[in-house]
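Participant: Chain by chain, the residues:
Protein chains: 2
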Amino acid sequence: MAAFEHKYDQNFTQHVIDTCGPKTSPRMKTIFSSLARHIHDFAREVDLTPEEWLAGVDFLNQTGKLWAESDGKRNEMHRLCDIVGLESLVTEIANYVQTEDPNYIPTSSAILGPFWSPNAPWRELGDSIIESPHDGYITYMHGIIRDLATQKPIPNVTFDIWQASSNGKYDFQDPENQVDNNLRGKFKTDENGEYRLYCLRPTAYSLPRDGPAWDILKALDRHSMRPAHIHLRITHDEYKPVITQIYPKDDPWLETDTVFAVKDDLVCDFKPLKSLPSNMPPHERHGGEAVRELELDITLAPKSMLQPLKEPITDRSA
Amino acid sequence: MAAFEHKYDQNFTQHVIDTCGPKTSPRMKTIFSSLARHIHDFAREVDLTPEEWLAGVDFLNQTGKLWAESDGKRNEMHRLCDIVGLESLVTEIANYVQTEDPNYIPTSSAILGPFWSPNAPWRELGDSIIESPHDGYITYMHGIIRDLATQKPIPNVTFDIWQASSNGKYDFQDPENQVDNNLRGKFKTDENGEYRLYCLRPTAYSLPRDGPAWDILKALDRHSMRPAHIHLRITHDEYKPVITQIYPKDDPWLETDTVFAVKDDLVCDFKPLKSLPSNMPPHERHGGEAVRELELDITLAPKSMLQPLKEPITDRSA
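The listed protein sequences derive, respectively, from chains R and L. Position 150 of the first sequence, counted from 1, bears residue number 803 in our numbering, the numbering being contiguous throughout. Position 156 of the second sequence, counted from 1, bears residue number 809 in our numbering, the numbering being contiguous throughout.
Hints are computed from structural coordinates only; laboratory data are not their basis. It cannot be assumed that every hint is accurate.
Treat identical chains as interchangeable: a pair holds within one or across any two.
[Claimed, not checked] For lysine to aspartate or glutamate, the following EDC-like pairs were computed, each having C-alpha atoms within a straight-line distance of at most 16 Å:
id, residue 1, residue 2
1, Lys841, Asp890
2, Lys902, Asp922
3, Lys927, Glu946
4, Lys676, Asp874
5, Lys902, Asp700
6, Lys916, Asp662
7, Lys924, Asp694
8, Lys916, Asp874
9, Lys805, Asp904
10, Lys726, Asp711
11, Lys718, Asp800
12, Lys660, Asp724
13, Lys805, Glu891
14, Lys682, Asp874
15, Lys682, Glu698
16, Lys676, Asp711
17, Lys676, Asp780
18, Lys871, Asp671
19, Lys871, Asp800
20, Lys682, Glu705
21, Lys682, Asp700
Just need the whole structure built from these sequences, with the hints factored in.
Facilitator: Now the structure itself:
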């Protein structure tokens with residue numbers, strides 16, 4: 654990186670930063686300064702040509718055009734950030750919790766993605782979230798949610814779960830085959846901090862292969878696959894939320910997830926189900942349809958361990 | 654910058670880069686690797702929040718939407734690059750010519766901007782480019798175009814000039830007051846490498862104050878002014894083209910040009926005109942209307958001094 658330092662005008666970047674006036678908010682100044690330095694260093698490092706820069710301008714314009722033409726439904730700009738790892742990175746940053754013992758950390762977060770619904774129905778412990786036909790493996794999923802500091806179970810945690818069906822589509826994308834809220838549900842942990850429910854062993858799927866994100870993936874000789882995953886959003890007033898995804902350990906796309914959302918502690922073992930607990934009441938047994946079992950404990954950090962929130966950048970409407 | 658290095662996953666960025674497949678072109682790999690590193694370092698350096706990142710996604714979507722809704726006429730994405738100095742920087746990079754003596758360099762380049770026209774008329778030496786009424790100072794502009802290596806004058810150079818009128822608008826933007834090709838023209842240097850013509854002393858103007866670029870300028874507490882300038886595009890088959898802008902030395906916006914296109918050697922002295930050359934023929938005197946004089950010599954680098962061209966990134970249609 655030292656090679657370019659003396660080649661081009663050494664004062665240029667600082668000059669751009671120094672044009673910010675005294676009324677810039679400190680956070681805006683911090684963000685703009687860092688962004689300008691990195692964009693300039695990038696351009697100098699690769700000797701970016703005017704044609705390459707203009708190709709980038711055109712590419713971002715075309716990407717915004719797709720969003721405008723779909724009335725905001727298709728957000729390829731968001732997807733571009735995902736395939737370069739940016740959403741995964743800001744998720745890691747937001748969920749960073751400093752602990753003295755590196756083995757003593759909360760369950761990792763992973764990107765929320767575009768398919769969460771605020772309208773998922775409340776369900777009872779032991780219910781199934783499966784409401785429409787599928788070709789998947791029904792899975793008995795259960796576990797304990799614990800406090801990072803005390804390791805004690807936490808009652809009354811909201812456990813919000815959503816997943817694609819065995820055809821790789823969410824209910825939103827597949828109204829012909831799935832009823833609304835198929836494979837979605839919210840549960841509360843019981844007095845022992847336990848949740849239990851039935852879901853599907855998840856299925857891998859591809860990002861859309863007809864837009865700017867796919868153009869970039871092709872140019873990088875990359876695939877468009879996400880590993881099979883189940884989304885979780887685990888919340889309690891006294892704890893830092895965990896928004897995450899879990900993955901079957903034998904999925905072939907774990908290492909190269911096209912949005913880089915896999916973390917080691919989120920890889921799970923969907924085992925063949927030997928038997929349901931002998932004390933399970935009949936209405937939770939669902940006729941013994943389950944063929945897999947996933948036991949997954951979750952650790953939440955108390956809010957007292959949070960990083961301070963950033964001040965807002967600026968009011969853009971001002 | 655060292656503070657974040659051990660805070661977040663140290664392998665993440667290299668992992669994102671390593672997903673590029675073997676069929677990525679070397680240039681694409683170079684650009685993607687550098688861009689991913691700088692975007693990630695930026696996010697870690699400022700602890701970018703998910704809300705800030707999403708505000709950025711929305712901002713770029715809105716910017717692309719303006720372009721789509723104007724059928725490509727309003728390119729705010731390009732303008733955003735200008736106000737962070739990126740177009741000026743890629744122009745500097747593209748026009749970098751290494752010479753052993755730092756005082757021995759070609760005339761600096763500056764951004765082309767959106768107002769160049771391929772259809773400007775050819776004019777004769779000594780003609781005026783002024784065709785419509787104005788409130789400006791008519792200027793007799795002349796000079797010699799020289800070879801950087803030999804310092805000899807170059808005959809038959811194309812000298813393409815365009816500028817806004819005294820109201821700060823180009824002919825495209827002002828059809829009520831200006832005829833087509835007002836304040837535009839192409840000239841050829843004579844056997845002594847000389848050009849001469851009449852133009853206006855230029856007038857400062859503001860970028861549009863109703864879009865994303867203005868939103869950013871407000872948030873940075875910056876103004877939207879460009880210093881007064883005249884555009885030049887100087888070409889000859891055997892020389893590296895010089896696309897540039899020149900500025901009157903007493904303009905108040907030179908130091909803080911909102912697109913950062915001012916270079917020291919482009920700042921000129923528009924002097925009061927004492928007299929036109931005594932041997933100038935009557936048809937070049939235009940009734941003695943000129944009140945200012947600008948003498949500006951230009952130096953062109955022979956193409957043998959060029960940097961090698963980059964290979965293309967990729968064929969996006971492939």
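Participant: Are the hints correct? Go through all of them and say.
Facilitator: Against the structure, the hints come out as follows:
| no. | hint | result |
| --- | --- | --- |
| 1 | Lys841 / Asp890 | within (13 Å within a copy, 76 Å between copies) |
| 2 | Lys902 / Asp922 | within (6 Å within a copy, 72 Å between copies) |
| 3 | Lys927 / Glu946 | within (8 Å within a copy, 95 Å between copies) |
| 4 | Lys676 / Asp874 | between (45 Å within a copy, 6 Å between copies) |
| 5 | Lys902 / Asp700 | neither (42 Å within a copy, 31 Å between copies) |
| 6 | Lys916 / Asp662 | between (42 Å within a copy, 10 Å between copies) |
| 7 | Lys924 / Asp694 | neither (49 Å within a copy, 39 Å between copies) |
| 8 | Lys916 / Asp874 | neither (23 Å within a copy, 41 Å between copies) |
| 9 | Lys805 / Asp904 | neither (32 Å within a copy, 70 Å between copies) |
| 10 | Lys726 / Asp711 | between (21 Å within a copy, 12 Å between copies) |
| 11 | Lys718 / Asp800 | neither (45 Å within a copy, 46 Å between copies) |
| 12 | Lys660 / Asp724 | neither (45 Å within a copy, 39 Å between copies) |
| 13 | Lys805 / Glu891 | within (14 Å within a copy, 79 Å between copies) |
| 14 | Lys682 / Asp874 | between (37 Å within a copy, 10 Å between copies) |
| 15 | Lys682 / Glu698 | between (24 Å within a copy, 13 Å between copies) |
| 16 | Lys676 / Asp711 | neither (32 Å within a copy, 24 Å between copies) |
| 17 | Lys676 / Asp780 | neither (55 Å within a copy, 48 Å between copies) |
| 18 | Lys871 / Asp671 | between (39 Å within a copy, 15 Å between copies) |
| 19 | Lys871 / Asp800 | neither (44 Å within a copy, 45 Å between copies) |
| 20 | Lys682 / Glu705 | between (28 Å within a copy, 13 Å between copies) |
| 21 | Lys682 / Asp700 | between (26 Å within a copy, 14 Å between copies) |
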